[in-house]
Amino acid sequence: MKYLSEYRDPELAKKYLEEIKNTVSRPWSIMEVCGGQTHSLVKNGIIEMLPDKITMIHGPGCPVCVTPLNLIDKAVYLALEKGVVLCSFGDMLRVPGSQKSLLEAKAEGADVRVLYSPLEAVKIAEDNPDKEVVFFAVGFETTAPANALSVVHAHRRGVKNYAILASHVLVPPAIKAVIDDEESKIDGFLAAGHVCTIMGNTEYHPLSATYKVPIVVTGFEPLDVLQGILMVVRQLEQSRSQVENQYARIVREEGNPDAQKIINEVFEIRNQVWRGIGEIPDSGYAVREKYAAYDATKKFDVAIKEAPENPLCISGQIMKGIKKPFECSQFGKTCKPTNPLGAPMVSSEGACAAYYHFSGMVEA
Amino acid sequence: MSENKKLRMQLQCPMPKLDFDVITLGHGSGGVLTNKLLDSGVFDLLGNDILDERHDGAFLELHGKTAFSTDSFLVSPIFFPGGNIGELAVNGTVNDLAMCGAMPRYLSLSFIIEEGLPVKEFWEILVAIKFACERAGVQVVTGDTKVVEKGKGDKLFINTSGVGPIHPKATIGAKNIQMGDRIIISGNIAAHGMAIMSVREGLEFDSEIRSDTTNLNHSVIGLIEKFGPDIHLLTDPTRGGVATVLKEIARSTGVGMDIFQKDLPIDDQVANACELLGLDPLYVANEGLFIAFVSEARADAVLAELRKDENGRNAQIIGSVVKEHPKQVILESAIGGKRVVNMLPGEQLPRIC
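Chains as they are written, first to last, in this note's numbering: chain A, 1 to 364; chain B, 365 to 717.
Treat the hints as calculated values from the structure; they're not laboratory data.
Keep in mind it's a predicted model, so treat the numbers as computed, not measured.
For glycine and all other residues, C-beta sits at the position ideal for the given N, C-alpha and C.
Take these hints with a grain of salt, some might be off.
[Claimed, not checked] Calculated cross-link-like contacts (lysine-lysine; reagent style BS3-like; alpha-carbon spacing at most 27 Å): (1) A:131 <-> B:687; (2) A:333 <-> B:702; (3) A:21 <-> B:626; (4) B:702 <-> A:106; (5) A:43 <-> B:691; (6) A:323 <-> B:539; (7) A:100 <-> B:516; (8) A:123 <-> B:590; (9) A:14 <-> B:519; (10) B:514 <-> A:106; (11) B:626 <-> A:15; (12) B:691 <-> A:106; (13) A:324 <-> B:702.
[What the hints assert, rightly or not] From the derived model, a few chain B residues whose C-beta atoms are all more than 10 Å from chain A: (14) 380; (15) 388; (16) 402; (17) 426; (18) 438; (19) 565; (20) 636; (21) 639; (22) 644; (23) 697; (24) 698; (25) 702; (26) 703; (27) 706; (28) 710.
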C-alpha cells in the first residue's frame, strides 16, 4: 500500500537519523504528546536509533491511560448493575477500575461490546429497543466529532435508548499543565497530528509563544515521527520556538470546521480529571444540557464513590515525564501488562506498557 | 468458499430430504432423532470400514512412534470467506499432527451443536469436512454429537483429535534447534484472522480477504522426505500468530531469534485491513501456514523446494536463530529499528486512535 510504504522507507529513515545526529549538539528532552506516536516509536524501534542526546518523553496522550478511575467504575457499574449494553473502543476493556475491568465485567455476564464507531452503537440501540445502550465515549479531540455525531444522529432518528458516557480530554490544556509543572523538563513537543486534523493549529501558537517552546504538529508513521523530531531539534538548536506543521499533508491551519461544529453542538468545555495527573482546568468535554437525555451520567443513577488510586502507582509522574517507567519500584515486578497497577501499563500506547514490551521483560 | 467448490459439493453431495429443518435438543439425546440425523447423512458422507462398525470406539492398526493431537474449534461466524468451521476442524488437527512430522491417519469428530442450527448449514459443514478429509487423506473413525440449549453455545463447536505415525525421516523437536538455523515461513501471514475480522466488522476491500485454511501435511511430508534431519522444528502459527509462536519457542528452548519485518510476507489487502483495524499482523491467527526451523546449510534449498508447493508459493526466510539475547525474539522494523517481540497479555484489542 503506497501510503504505508512510502512513510516507512528505510533509506529516508536513515537520512533523517543522520540529519538529526548532525544537528543535535546538546541534550534535549522532547515529549511526544500522543500515544499513537509512542506506539510508533516503540513498534519501529526508533528510540534506540536516536542519538543519546535526545530523550523522548512519553506524554499524557493515551486517552485510555488518563480516563479517570471513577469513570471506568461507572462503566462497569452500568454494564453489570444496570444491564445496559456497554459499547467501547477495544483497548478500554482491559483498563482496571477500582474493583474490576470491563473485560472482567463481560466475563461475569455483562453485555460489553467492542466497536470501531459510535454510530454502530446507535444501530445496536435501534435494533434493540428494549435495551439501553451506552457508548463509552473516550478520547481526545480526535474521537469527539464521531462521538458527538452519534448523539446528533440518535436524536434525529428519535432513538431514546442511547447515551454516551463521555470522557473527552483536550490536548492544549494538557501541554500547558505539563509545562507549568515545576518538575517538568521538556524542551519541545511533538503535537498530535490527528488532534490537529480536527482542531487545527491555532491553539498552539499562544502556548509556543508564551512558554518559548517549539511545538511541531506531527504524524504517526516512522518517517513522520523522525521528521517531527528533526524539526523540533532544529528549532531548539537555533533557539527558535514556533508552531510548525510536519503533518501538512493532513492538517490544515484551521483544522476541520465541520467537525468542530458538531463538537460544539454537543459538547461544552469543562474541567476534567486526568487519571494520574489530577484536574486540569478547561481540559475536557461535557455533554451540553440540550442533549442531557443522551448523557449517561444524567440518564442513569451512577453516583459511584471515588475510589483511591493504587498508592504505589506513579503514573502521574510518568505521564508528565518526570520519571521513566523503569524508575518506578513496581515496574515489571508487581505491575505488568497482565496485572497493571495503573493505566499506563495497560494500553500498548501507555508509556509503561511500551517500555515493558520494549525492555523484553518476560512474564512468567 | 469459492462458488465452484460450493457447486461441486452440492452436485456430489445433495442434502438428504429430512422431516426437520433445524437441529433440536432431541437430536443430541442419543435416541431416535440422533440416529435419524446420523443415518440421514453423516455415516454416508464420512463412512469407512472403521466408522461403519458403529462401535463405541474405533479399532485401529498403528505401529511404531505415533503422534496424537486434539483441538477444539469455535469460530464466529461459522461460515467465512475461504471456508467454514468444518474444514477448519479437520485441517487444524491434521496440521498439528503434520507439525510433529507425522502422517495424519485417523480423526475423531465431536459436535456440540446449539439448538436451532439449520440442518442445511450442518450439512454444508459436513460436506466440507468430507472434502477436507479427502484432501488430507484422513478418515473420521469415531465421533459424538451433543446438542445444547439455545443461548448456551455459539451455533456449533467442533472438537477433533487425530493420530498418525511419525514419518521415518522426521526428527522434529525443539531440542534440535541449532544456532544459525534459518526460520522459514510458508506463506503470507494474518489472512485467516483478518478474513474473520473483516466479516465481523463488515469491512469490504477491493477483493475479498479469504482464510488460508488448508491441510499442510502433504507439503510438510514432502519436505521431510527430501530434507529429513535438516528440518529441526515445525510449528503452525495459529492463535496468537507468528509473534506468539516464535516467542513461545524462544522461551521454552532458551534460544534467541532475529526476524526482519521486510521479509515477512503479507498480502496488501490484509496489511491494509490490519492498519485500518489497528491490529498487528504478527499477532493475527493463521490456519494454513507453517514455520520451519531449518539448518543454515540447507535453508535455501528447502525454501526453493517449498516455493514449488501450492502452499509455499510465498514462502520466505524471515530470520534466524542467534546466540545473542537468549529467550528473546528481536524484530528489525522496516526502517531498521529493533524491538522486542513479546506475547500479548490477552486478546489483541483494537486501539482507540
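Each hint tested on the structure:
Restraint check for residue 131 (chain A) and residue 687 (chain B): not satisfied, since their Cα atoms lie roughly 58 Å apart, outside the 27 Å limit. In summary, the hint linking residue 333 (chain A) to residue 702 (chain B) is supported, as the alpha carbons are separated by about 24 Å, within the 27 Å threshold. Between residue 21 (chain A) and residue 626 (chain B) the alpha-carbon distance is near 25 Å, which keeps this suggested pair within the 27 Å criterion. With a C-alpha separation of about 36 Å, the suggested pair residue 702 (chain B) and residue 106 (chain A) falls outside the 27 Å cut-off, and the hint is violated.
For the given pair, residue 43 (chain A) sits about 19 Å from residue 691 (chain B) by alpha-carbon distance, which is consistent with the 27 Å threshold. Between residue 323 (chain A) and residue 539 (chain B) the alpha-carbon distance is near 42 Å, which puts this suggested pair outside the 27 Å criterion. Pair hint residue 100 (chain A) plus residue 516 (chain B) holds up; C-alpha atoms about 25 Å apart against a cutoff of 27 Å. Annotation: proposed proximity of residue 123 (chain A) to residue 590 (chain B) is violated, straight-line Cα distance about 56 Å (limit 27 Å).
Our distance criterion of 27 Å between C-alpha atoms is broken by residue 14 (chain A) and residue 519 (chain B), whose separation comes to about 52 Å. Taking the CA atoms of residue 514 (chain B) and residue 106 (chain A), the gap is near 20 Å; set against the 27 Å cutoff, the hint holds. Distance restraint check for residue 626 (chain B) and residue 15 (chain A): the Cα-Cα separation of roughly 18 Å lies within the 27 Å cut-off, and the hinted pair is therefore satisfied. The straight-line distance between the Cα atoms of residue 691 (chain B) and residue 106 (chain A) is roughly 34 Å, outside the 27 Å bound, and the hint therefore fails.
Between residue 324 (chain A) and residue 702 (chain B) the alpha-carbon distance is near 20 Å, which keeps this suggested pair within the 27 Å criterion. With a cut of 10 Å on Cβ distances, residue 380 (chain B) stays outside the contact zone with chain A, its closest approach being about 36 Å. Residue-level check passed: residue 388 (chain B) sits 26 Å from the nearest beta carbon of chain A, beyond 10 Å. For residue 402 (chain B), the non-interface assignment is confirmed: its Cβ lies about 35 Å from the closest Cβ of chain A, beyond the 10 Å cut-off.
Every beta carbon of chain A lies more than 10 Å from that of residue 426 (chain B), the smallest distance being close to 38 Å; the non-interface claim holds. Every CB of chain A lies more than 10 Å from the CB of residue 438 (chain B), the least distance being 16 Å, so the non-interface label holds. Residue 565 (chain B), annotated as away from the interface, has a beta carbon of chain A within 10 Å; the closest lies near 6 Å. Listed as a non-interface residue, residue 636 (chain B) fails to keep its Cβ farther than 10 Å from every Cβ of chain A; the least gap is roughly 5 Å.
Not every beta carbon of chain A lies more than 10 Å from that of residue 639 (chain B), the smallest distance being close to 6 Å; the non-interface claim is violated. At roughly 8 Å from the closest C-beta of chain A, the C-beta of residue 644 (chain B) falls inside 10 Å, breaking its exclusion from the interface. The beta carbon of residue 697 (chain B) is not kept farther than 10 Å from every beta carbon of chain A, the shortest such distance being approximately 4 Å. With 10 Å as the threshold on Cβ separation, the claim that residue 698 (chain B) sits away from chain A is violated: the shortest Cβ distance comes to roughly 4 Å.
With a minimum CB-CB distance of about 4 Å to chain A, residue 702 (chain B) fails to clear the 10 Å threshold, and the non-interface call is violated. Listed as a non-interface residue, residue 703 (chain B) fails to keep its Cβ farther than 10 Å from every Cβ of chain A; the least gap is roughly 4 Å. Residue placement check: residue 706 (chain B) does not keep its beta carbon more than 10 Å from all beta carbons of chain A (closest about 5 Å). Separation of residue 710 (chain B) from chain A is inadequate, the least Cβ-Cβ distance of about 7 Å not exceeding the 10 Å criterion.
Violation of the numbered hints given earlier is confined to hints 1, 4, 6, 8, 9, 12, 19, 20, 21, 22, 23, 24, 25, 26, 27, 28; the remaining hints are satisfied by the structure.
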